[in-house]
Amino acid sequence: MTAPLAVRATADFLPERVAKVVDLPELAELPADRRQACLDLGIEQVRADPRYDAVELAANAAGKVLAETGARPDALVVIGSRAPERLMSSEATRLQALLGLSDALTFSVGGLGCVSITPALLTARGLLAADPALDQVLVVHGSRPPTPRRYRHPVTVSGDGGQAVLLSRTGPLRVLDMVQATNGDYWDLYTVRFRDLPEGDWREECADPRRYSFQLAVEGRLRLRELYRELLARNGMTTADVNCHLSQNLSAGAFRFTEEVLGVRLAGACAENLVSYGHLGPNDILLNLSTAIAGGELPPGSRAVVVNASPVAAWSLLLVEHVRDDTETHYL
Amino acid sequence: MQTGVEADEVRGQLLEFVSSLVGAEPGLDEDYFERGLFNSLAALELVAFVEHRFGITVAAEDLDLDNFRTVNRLTAFVLGKTAGADASQ
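First to last, the protein sequences are chains Z and D.
Per my numbering, the very first residue in the first sequence carries number 1; after that it's consecutive.
Per my numbering, the very first residue in the second sequence carries number 1; after that it's consecutive.
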């Protein structure tokens with residue numbers, strides 16, 4: 001049994017301004033087949049609001065969760081943004097200052113793309129296990145695409161959004177277990193060259209599309225199946241013990257990929273958020289969990305497996321349980 | 001488990017399946033990945049077909065694109081795997 005970890009509350013900040021995928025300016029510079037691939041992703045629109053940088057998106061979400069819960073977290077764990085506004089300076093301590101959490105133990109984690117939520121949760125669990133005096137950890141992330149182009153061929157369209165997750169040892173959503181695997185052979189499969197280039201020329205480039213669509217896909221199949229088997233086995237469970245499956249939001253095709261690999265059906269919350277918000281990096285899975293709970297797809301007493309993958313390459317699965325306890329205050 | 005599979009039989013089955021995936025019949029030495037029509041789902045379908053039809057397991061160490069990029073290369077891969085499976089029995 002792993003050390004206790006539970007989500008007390010989550011809040012998402014999704015800015016008002018919307019960009020329709022069909023109107024994305026980068027579509028005009030793409031050949032017809034790539035343009036069509038973008039339009040076939042299953043994403044109609046994303047939030048796109050230049051008034052907020054990544055730290056401000058995260059701060060707005062954190063402000064909501066702190067106001068709703070009245071919490072004063074002992075630790076602030078920031079999942080670093082993909083393209084910080086400045087080098088040398090600290091996004092983590094900027095957030096600490098914006099939130100007025102002067103006493104909170106503060107630092108950043110990351111490095112795994114959208115899977116970076118897992119090291120953040122592992123860190124929170126470790127802090128809570130190591131220090132009995134520490135009661136609450138706030139994990140935050142602001143998600144914006146790293147370049148002016150929101151379409152990453154042939155993967156997804158990235159939107160803007162902030163998320164804050166308040167964690168403790170108890171709460172309405174218990175994180176029963178987490179598994180993670182990485183393969184450094186793919187560390188530079190997707191890159192953005194930026195030195196000596198004006199920002200308008202920054203692009204998310206795939207070094208080898210065939211390696212992405214074949215080698216990484218098939219390795220992902222092997223890894224996800226093995227992680228799924230390991231996760232259930234070490235918790236003494238079978239698929240019959242899992243009521244709900246969720247993943248991150250990349251595309252309708254990526255949902256089918258996960259469903260075929262694991263032989264499961266993903267909850268409707270995933271497609272619902274994909275169509276309206278696109279990909280929000282590490283924020284996808286807890287947004288989907290919140291939506292699934294709100295929509296009755298994960299009722300109290302039921303469990304979910306949450307799948308996350310990143311082309312860096314990293315794979316992660318979470319096993320969570322919506323606790324059957326009406327005395328808990330729910331902010332999920 | 002199939003045993004004693006003939007190269008022509010394997011090649012014919014693979015050509016038929018790959019043609020259905022890419023929407024046209026490729027040459028036996030044509031790199032169908034070069035056509036850019038092979039997405040992640042198609043890759044999964046191809047590997048699943050090979051495993052189920054020929055009773056083999058595609059392991060992590062087999063994931064070299066060179067094993068899969070043409071019908072002739074894929075035929076050689078399948079024959080090598082089925083020969084290995086036969087020898088281990």
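Treat the hints with care, as some may be off.
[Unchecked claim] From the structure, some residues in chain Z lie toward chain D, with a derived Cβ separation under 8 Å:
| hint | residue |
| --- | --- |
| 1 | ALA207 |
| 2 | ARG210 |
| 3 | ARG211 |
| 4 | SER213 |
| 5 | PHE214 |
| 6 | GLN215 |
| 7 | GLU219 |
| 8 | ARG225 |
| 9 | ARG256 |
| 10 | PHE257 |
| 11 | GLY263 |
| 12 | VAL264 |
| 13 | GLY268 |
| 14 | GLU272 |
[Claimed, not checked] Label-pair restraints from in silico Cβ distances:
| hint | chain 1 | residue 1 | chain 2 | residue 2 | range |
| --- | --- | --- | --- | --- | --- |
| 15 | D | PHE49 | Z | ALA3 | 42 to 48 Å |
| 16 | Z | VAL18 | D | GLU16 | 43 to 49 Å |
| 17 | D | SER20 | Z | PRO25 | 33 to 39 Å |
| 18 | D | GLY27 | Z | ALA240 | 18 to 24 Å |
| 19 | Z | ARG229 | D | VAL22 | 52 to 58 Å |
| 20 | Z | LYS20 | D | GLY27 | 39 to 45 Å |
| 21 | Z | PRO25 | D | GLY27 | 38 to 44 Å |
| 22 | D | ARG53 | Z | ASP201 | 34 to 40 Å |
[Said to hold, decoys possible] Residues from chain Z that keep clear of chain D, each with C-beta distances beyond 12 Å, as calculated:
| hint | residue |
| --- | --- |
| 23 | GLU16 |
| 24 | ARG17 |
| 25 | LEU39 |
| 26 | ALA83 |
| 27 | ARG86 |
| 28 | LEU127 |
| 29 | PRO148 |
| 30 | THR170 |
| 31 | ALA217 |
| 32 | ARG221 |
| 33 | GLU226 |
| 34 | SER251 |
| 35 | GLU260 |
The hints are simulated quantities; they were obtained by calculation from the structure and are not laboratory data.
Where is the CB? At the ideal position from N, CA and C, for every residue including glycine.
(request) Using Cβ atoms only, decide whether VAL264(Z) comes closer than 8 Å to chain D, and label the hint accordingly. (result) Because about 15 Å separates VAL264(Z) from the closest Cβ in chain D, which is outside the 8 Å limit, the hint is violated.
(request) Check the non-interface label on GLU260(Z): least C-beta distance to chain D beyond 12 Å or not. (result) 6 Å, violated
(request) Take the C-beta atom of VAL18(Z) and the C-beta atom of GLU16(D), compute their distance, and say whether it sits inside 43 to 49 Å. (result) 46 Å Cβ-Cβ, so the 43 to 49 Å window holds.
(request) Take the C-beta atom of ARG53(D) and the C-beta atom of ASP201(Z), compute their distance, and say whether it sits inside 34 to 40 Å. (result) With a Cβ separation near 47 Å, ARG53(D) and ASP201(Z) fall outside 34 to 40 Å, so the hint is violated.
(request) Grab the minimum beta-carbon distance between THR170(Z) and chain D and tell me whether it stays above 12 Å. (result) 39 Å, holds
(message) Hint ARG211(Z) vs chain D: min CB-CB distance below 8 Å?
(response) Holds, because the Cβ-Cβ distance from ARG211(Z) to chain D comes to roughly 7 Å (cut-off 8 Å).
(message) A closest beta-carbon separation below 8 Å is what the hint needs, so does ALA207(Z) meet it against chain D?
(response) 13 Å, violated
(request) State, for the Cβ atoms of PRO25(Z) and GLY27(D), whether the hinted interval 38 to 44 Å holds or is violated. (result) Given about 39 Å between the Cβ atoms, the range holds.
(message) Using Cβ atoms and 12 Å as the threshold, tell me whether ALA83(Z) really stays out of contact range of chain D.
(response) At about 26 Å from chain D, ALA83(Z) clears the 12 Å cut-off, so the statement holds.
(message) Does ALA217(Z) clear chain D by more than 12 Å, comparing its Cβ with all Cβ atoms of that chain?
(response) Given that some Cβ of chain D is not farther than 12 Å from that of ALA217(Z), nearest at about 4 Å, it is violated.
(message) Just to be careful: measuring from the Cβ of PHE214(Z) to every Cβ in chain D, is the smallest value less than 8 Å?
(response) 4 Å, holds
(message) If I take the minimum Cβ distance from PRO148(Z) to any residue of chain D, is it greater than 12 Å?
(response) Holds, since 25 Å exceeds 12 Å.
Hints 1, 8, 11, 12, 13, 14, 18, 19, 22, 31, 32, 33, 34, 35, counting from the list given before, are not met by this structure.
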